[in-house]
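Asker: As they're listed, the protein sequences go chains A and B.
Per my numbering, residue 723 is the first one in the first sequence, and the count goes up by one each step.
Per my numbering, residue 723 is the first one in the second sequence, and the count goes up by one each step.
Read the hints as simulated data drawn from the structure, not as lab findings.
Among the clues, some could well be false.
Same chains, same names: a pair is fine if it fits in one copy or spans any two.
Stated by the list, open to error - In silico EDC-like pairs for lysine to aspartate or glutamate, Cα to Cα no more than 20 Å straight-line:
| # | residue 1 | residue 2 |
| --- | --- | --- |
| 1 | Lys1024 | Glu731 |
| 2 | Lys950 | Glu1010 |
| 3 | Lys774 | Glu802 |
| 4 | Lys1066 | Glu1005 |
| 5 | Lys860 | Asp842 |
Since the model is a prediction, treat every value here as computed from it, not as a measurement.
Protein chains: 2
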Amino acid sequence: MKLIVNGEEVDLPAVWWNSEQKMVQLIDQTKLPFQIAIHSCSTYHHTVNAIKSMKIRGAPSIGATAAYGLAQAINEFWDEPEYLTKVSSAYDQLLLSRPTAVDLKRGLDHVKKSWAVSPDEAIVQAQKFAHNISMQGKKIGEVGKSLIRENMNILTHCHTGALALVDHGSAIAPLIASWEDGVRFHVYVDETRPRMQGRLTSWELTQYGIDHTVICDSASGHLMSSGKVDLIILGADRVTKNGDIANKIGTHNLAVIANHYSIPFYSAFPDTTFDINTLTGTEITIEERNTQEIYEIRGLSKTTRTQISVSVYQENTHCYNPAFDVTPAELLSGYITPHGILSKEDLGRVYSN
Amino acid sequence: MKLIVNGEEVDLPAVWWNSEQKMVQLIDQTKLPFQIAIHSCSTYHHTVNAIKSMKIRGAPSIGATAAYGLAQAINEFWDEPEYLTKVSSAYDQLLLSRPTAVDLKRGLDHVKKSWAVSPDEAIVQAQKFAHNISMQGKKIGEVGKSLIRENMNILTHCHTGALALVDHGSAIAPLIASWEDGVRFHVYVDETRPRMQGRLTSWELTQYGIDHTVICDSASGHLMSSGKVDLIILGADRVTKNGDIANKIGTHNLAVIANHYSIPFYSAFPDTTFDINTLTGTEITIEERNTQEIYEIRGLSKTTRTQISVSVYQENTHCYNPAFDVTPAELLSGYITPHGILSKEDLGRVYSN
């Protein structure tokens, strides 16, 4: 992803292996959008902690970080006695570092195959795993940009950028690809309470100079009803066989309103998001997250300009914090995938092959 | 309104005249929901400043405070030379203290009629003006409670409580009236970004012990689609002749989704909100407010437990902050007014009399 660091442009993924210094490095997402900081993990144990403390976020990026972390452990322990015991322990610690089990496990298992081969091979496999994720984003960008035309107003929700998908992103990828082709448009970025991932989306769009405006989540109805939204593109956490999508809370609201005003509504996602074993969205249990995410808001102190958290509700206020909602397939115009823009009928066919 | 102060129950309006100490007193809304503080204004000038600094909020409550402020000025200057000049100046300062001109002017003009009569008469008229506002809320409560049944889940948006309407409130009034009748239900309170007026609604419901849960604005679609909302009641900033309502941003979103899922959707408001001279909502200009309301969030510091503001976006982030949206009459099930629950056809008839 393009980054502007001290006025200079650099190109970095969300996480990578620094082969000279032999360490995992990543963009510290806990500092964003206020500060761009590179976090270095010189041992696999540091990498476990980076995942635990949410310095890296987004299931695919976490998977890639875990893959690098295991390759790092293989390098650390290769010449030691009890190598296998130590590497197995590293595998377990990485697997338990966050509850996004599918991506984490996939990354670890990809590297595990080489733990009896060589330390270098482990690094190569981790890099390959991360590269494959980022290439999915690149393809999504190439596919999705066909929907974007000059002067459009496009609305997006949550954060679906390079930070989450190693590079390129999902829903953000078509925007970047189109902008780099010289098409000029405008993006409305939903704030996305409670965690305000719109801050990250705004930050990433800023790196590319993409014209955008942050809005509170509840302003979308006004914009759609007054003809100010031509297209909605957002991501997905999970897509079921029939085309229902589980995505960040608020997606359902946007889909119903877009449907009411006949505004095209697309979900963009990499292959790993499609879950052929779940038939419909009704089978999905909505994750209820800690209400601290609603209570506490992180920002910059006006006096010290350092990052602090404030409590925005009285203690004992009862809150409900569903992390995502399910949007039925009939409210979607289509799916932006690495295999093209698909209809819900296409999905099962393309992904059963 | 019922208030729990140091564990004891007291009954206070949002603003009142303390006849013993001859001062205007009000509940300081800038301290809420974290602290209940009574603010005393010993001169009309203090009352002007209380309005300016938003210690009192909500157009009807501001109108009542201005009425008290003018009565206070009449008392201050009655025996002085240049009485009329001084009282005229007080009128002007109160009128300019906030841009909610209609309610402010109505309150001032009501008291102005007595500025040549007597200081006591001015106070009586200010009290009468404030009482009339609060009685509208009481009637709305009596009317609206017929919609509420045992075990219902009711969703509300923004703050429409006693603090804004001197006493009793508008959309909140049916909830209180029904709860005091012994009906037991549950309320979902929208956070209502950017200004988080849901904090005040939650605080007021807490005073009455009404069971409620705060949600982020974008969680409403999930709740409605999963059958967890039986009724929506919210307020209105302005109702046009055909029944369109301008109300806090996000109202339109709720109306479209409620319509999609056939959930009853009502707006509650006092008489002064109905604007017979505006034919439809398309004639209403949407007020765009300072984006600082999005950037800056007030809360309690986790370390000092004092109220501070944090910046939640990078400087120069472009935001758009429409204060309200317009919901077309066809998306409303009805209107809860002091004259009964009306249909859009009823509105013009009742209010043209």
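Asker: Could you check the structure against the hints above and give me the numbers of any it violates, in ascending order?
Answerer: The structure breaks hints 1, 3, 5; every other hint is satisfied.
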